[in-house]
Amino acid sequence: MKFFIATDHAGVNIKPSVIKLLEDMGHEVMDLGPKDNTRVDYPDFAHKLSYEVLANEGTQGILICGTGIGMSLAANKHKGIRAALCHDAYTAIMARAHNDANVLCFGERVVGLGVVESILEGWCKTEFEGGRHAQRVAKIEIA
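Numbering-wise, the working numbering puts 118 at position 111 of the sequence shown, and it's gapless, one number per residue.
It cannot be assumed that every hint is accurate.
SDA-like cross-link-like pairs, simulated, lysine to any residue; straight-line CA separation at most 25 Å [stated by the list, open to error]: (1) Lys9 <-> Asp95; (2) Lys55 <-> Val36; (3) Lys42 <-> Leu61; (4) Lys132 <-> Thr74; (5) Lys84 <-> Thr66; (6) Lys84 <-> Glu134; (7) Lys9 <-> Glu30; (8) Lys132 <-> Leu29; (9) Lys27 <-> Lys132; (10) Lys42 <-> Lys55; (11) Lys22 <-> Glu59; (12) Lys22 <-> Val47; (13) Lys27 <-> Asp95; (14) Lys22 <-> Pro50; (15) Lys27 <-> Asp38; (16) Lys132 <-> Val36; (17) Lys86 <-> Glu136; (18) Lys132 <-> Glu35; (19) Lys42 <-> Gln67; (20) Lys146 <-> Glu134; (21) Lys84 <-> Glu59; (22) Lys22 <-> Lys132; (23) Lys42 <-> His16; (24) Lys9 <-> Leu61; (25) Lys84 <-> Lys146; (26) Lys84 <-> Val36; (27) Lys55 <-> His16; (28) Lys132 <-> Arg89; (29) Lys146 <-> Arg89.
Since the hints were derived computationally from the structure, they do not count as laboratory data.
Model the full assembly from the supplied sequences, consistent with the hints where possible.
Next comes the structure, spelled out in structure tokens:
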């Protein structure tokens with residue numbers, strides 16, 4: 008799987024560890040920035056990542072800010088993006104299995120690296136179940 012990853016200044020410290028975890032799982036990761044913790048506006052990076060995921064079929068995204076809330080709100084403004092704010096492996100698994108989420112969001116200030124590892128494992132091993140969930144996901148795209 009190919010992942011795009013982006014953060015704001017409040018998510019940049021954990022990003023190298025997330026990239027390494029994904030690469031160790033065999034995934035390709037494209038870092039969309041930022042490169043340091045100079046203050047930036049999270050919507051800029053959420054939009055940048057969303058455009059890349061939408062333009063590159065079969066890819067997914069990871070957005071990290073302080074809480075994950077702002078990133079998920081901004082990304083979900085894009086038709087075709089289903090960004091899920093996940094705090095643990097269970098929410099990551101359900102986001103993939105039932106919601107066909109294509110962008111994972113979490114907060115560096117909310118979850119530690121051990122939890123992030125379990126979130127990534129759950130996210131990466133889970134496929135969309137389809138079936139009754141496909142009908143529900145289709146209803147998200149009405150706007």
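ask   = Honestly, which of those hints from before does the structure not fit?
value = none
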